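Chains as they are written, first to last, in the numbering used here: chain L, 41 to 150; chain H, 110 to 220.
To be clear, the hints were calculated from the coordinates, so they are not data collected in a lab.
Keep in mind the model is a prediction, meaning the values are calculated, not measured.
Check each hint, because a few of them may be wrong.
[As the list claims (entries may be wrong)] Straight-line distance between alpha carbons at most 27 Å, and here's what the computed BS3-like set of lysine-lysine pairs gives: (1) Lys192/H <-> Lys166/H; (2) Lys82/L <-> Lys192/H; (3) Lys109/L <-> Lys97/L; (4) Lys151/H <-> Lys99/L; (5) Lys82/L <-> Lys103/L; (6) Lys151/H <-> Lys187/H; (7) Lys103/L <-> Lys151/H; (8) Lys109/L <-> Lys99/L; (9) Lys82/L <-> Lys119/L; (10) Lys97/L <-> Lys151/H; (11) Lys97/L <-> Lys108/L; (12) Lys151/H <-> Lys82/L; (13) Lys82/L <-> Lys99/L; (14) Lys99/L <-> Lys119/L; (15) Lys82/L <-> Lys166/H; (16) Lys103/L <-> Lys119/L; (17) Lys109/L <-> Lys151/H; (18) Lys151/H <-> Lys108/L; (19) Lys166/H <-> Lys187/H; (20) Lys82/L <-> Lys97/L; (21) Lys166/H <-> Lys151/H; (22) Lys119/L <-> Lys151/H; (23) Lys97/L <-> Lys119/L; (24) Lys192/H <-> Lys151/H; (25) Lys82/L <-> Lys187/H.
[What the hints assert, rightly or not] Sample of chain L residues with no beta-carbon within 12 Å of chain H, all distances over it, derived: (26) Leu51; (27) Gln54; (28) Ser58; (29) Arg101; (30) Thr116.
[What the hints assert, rightly or not] Cβ-Cβ distance ranges computed for the label pairs, FRET-style: (31) Pro111/H <-> Arg71/L: 20 to 28 Å; (32) Ile169/H <-> Ser134/L: 16 to 24 Å; (33) Glu110/H <-> Thr107/L: 25 to 33 Å; (34) Thr66/L <-> Ser164/H: 19 to 27 Å; (35) Thr45/L <-> Glu112/H: 25 to 33 Å.
The beta-carbon is built from N, C-alpha and C at its ideal position, and this holds for glycine as well.
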Amino acid sequence: EDQVTQSPEALRLQEGESSSLNCSYTVSGLRGLFWYRQDPGKGPEFLFTLYSAGEEKEKERLKATLTKKESFLHITAPKPEDSATYLCAVLETSGSRLTFGEGTQLTVNP
Amino acid sequence: EPEVTQTPSHQVTQMGQEVILRCVPISNHLYFYWYRQILGQKVEFLVSFYNNEISEKSEIFDDQFSVERPDGSNFTLKIRSTKLEDSAMYFCASTGSGELFFGEGSRLTVL
Chain L
41 EDQVTQSPEA LRLQEGESSS LNCSYTVSGL RGLFWYRQDP GKGPEFLFTL YSAGEEKEKE
101 RLKATLTKKE SFLHITAPKP EDSATYLCAV LETSGSRLTF GEGTQLTVNP
Chain H
110 EPEVTQTPSH QVTQMGQEVI LRCVPISNHL YFYWYRQILG QKVEFLVSFY NNEISEKSEI
170 FDDQFSVERP DGSNFTLKIR STKLEDSAMY FCASTGSGEL FFGEGSRLTV L
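The shape of chain H in the complex, shown without the other chains (with noise of 0.2 Å):
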């Protein structure tokens, strides 16, 4: 059965570091998606992405986020000066007619 992938599962960086997270969405879809979840709190919406360009994001999505689909399967979250407060399970997702279909997760913890 085709999965959203991502990686890595797990990564720590240091307060002001750069990370990107990676997603490999199912491979006949066409809309994409981030989002992420503090523990213990609901899952929130940050970005969804077609046809190459952003076509939506939440108050979440400022400018220390983007964005990209580097190639025909990949598409990166990247967090330009991670903070504290970035600490969480960041989800990528998935759709080609309705349904959305999520990642397993990459829980990024910022010390």
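Same shape as in the complex, but just chain L (with noise of 0.2 Å):
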């Protein structure tokens, strides 16, 4: 069965301080792994998608990388409005489902 970790649980950081979250999955194969970040009360906003590893993707102040084993999500100097819950997700190359993680609840304090 596809299993997805996600640490930590929650993350506290001061205005631009960097951390990495990391998202740990075990598939028998993997098709895609996807980072989503959520709002209290709101649908997954679609962040990126990583397909093989080696594989990098950024976005503003987040940069995301893929291993065989796990993927880190990099914030680089984030902002109070990077505070949100950040879902690791994968699809498995049979079938058509996204596994989510548990989540990284991440809080920004200017």
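Assemble the dimeric complex from its two separately framed chains, guided by the hints.
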């Protein structure tokens, strides 16, 4: 069974304090790994898809990387508006479902 | 920017009643999904739909659930006889080429 584990569960940063979120996964075959941002009471907002080990993608202060066992979401010089829950999800080669992790709740204090 | 729209945003119903949640996927997308998120828990897959039929469903998606694409734009989730444990946020999603885009969700409260 696919497993996606995110750490830490919660992270508090000061504005400008860079850090990384981790997503480790176990799948029989990875078609893609997805990162989403979710604000309270809202739907997941698409950030990135990574398809193969070694791939990296960037968007503003966020950078996602992928290895064969895990993915990192690096946040550089975060701002309070980056506060949200960040979700990781995997799509297996056989099947059409995304399997989500529990998420990391990020709080950035001014 | 195209988006997935869902209605209603919030529905309160009595246990045993039927509920229909509606979604308008992004117009050129061909794959449609329903996910749910119980308060404080992770997002869970319910069902995927392609070419007017279910392509995959989870263990959660039992006989009380059904999906339909009644016309060229809407995609619906019907819960036939709601239970207390059906209370959750229900998210519709669609994709055309890999990236899955979600709607803002319909909050279902079963009393």
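With d taken as the least Cβ-Cβ distance between Leu51/L and chain H, does d exceed 12 Å? holds, 17 Å
Would the hint linking Lys82/L and Lys97/L be met if the CA-CA limit is 27 Å? It holds: about 24 Å lies between the C-alpha atoms, which stays within 27 Å.
Find the nearest Cβ of chain H to the Cβ of Gln54/L and say whether that gap is larger than 12 Å. Nearest chain H Cβ is 26 Å from Gln54/L, so the label holds.
Please settle this one: Thr116/L was flagged as non-interface, so is its CB more than 12 Å from every CB on chain H? Consistent with the label, Thr116/L stays out of reach of chain H, its closest Cβ about 23 Å off (over 12 Å).
Go ahead and decide if the range 25 to 33 Å is satisfied by the Cβ distance of Thr45/L to Glu112/H. Because 30 Å falls inside the window, the suggested range holds.
Within 19 to 27 Å: is that where the Cβ-Cβ distance between Thr66/L and Ser164/H falls? holds, 24 Å
Between Lys192/H and Lys151/H, does the CA-CA distance stay at or below 27 Å? Judged against 27 Å, a Cα distance of about 20 Å means the pair holds.
So if I understand the rule, the pair passes when the alpha-carbon distance is 27 Å or less; does Lys97/L with Lys108/L pass? holds, 16 Å
Proposed proximity, Lys187/H with Lys82/L (alpha carbon, max 27 Å): holds, 21 Å
Take a quick look at Ser58/L and tell me if its Cβ sits farther than 12 Å from every Cβ on chain H, holds or violated. holds, 26 Å
Sort out whether Lys187/H lies within 27 Å of Lys166/H, counting only the CA atoms. holds, 14 Å
Quickly compare the C-alpha distance for Lys97/L and Lys151/H to 27 Å and report which way the hint goes. holds, 24 Å
Comparing the model with each numbered hint stated earlier shows that all of them hold.
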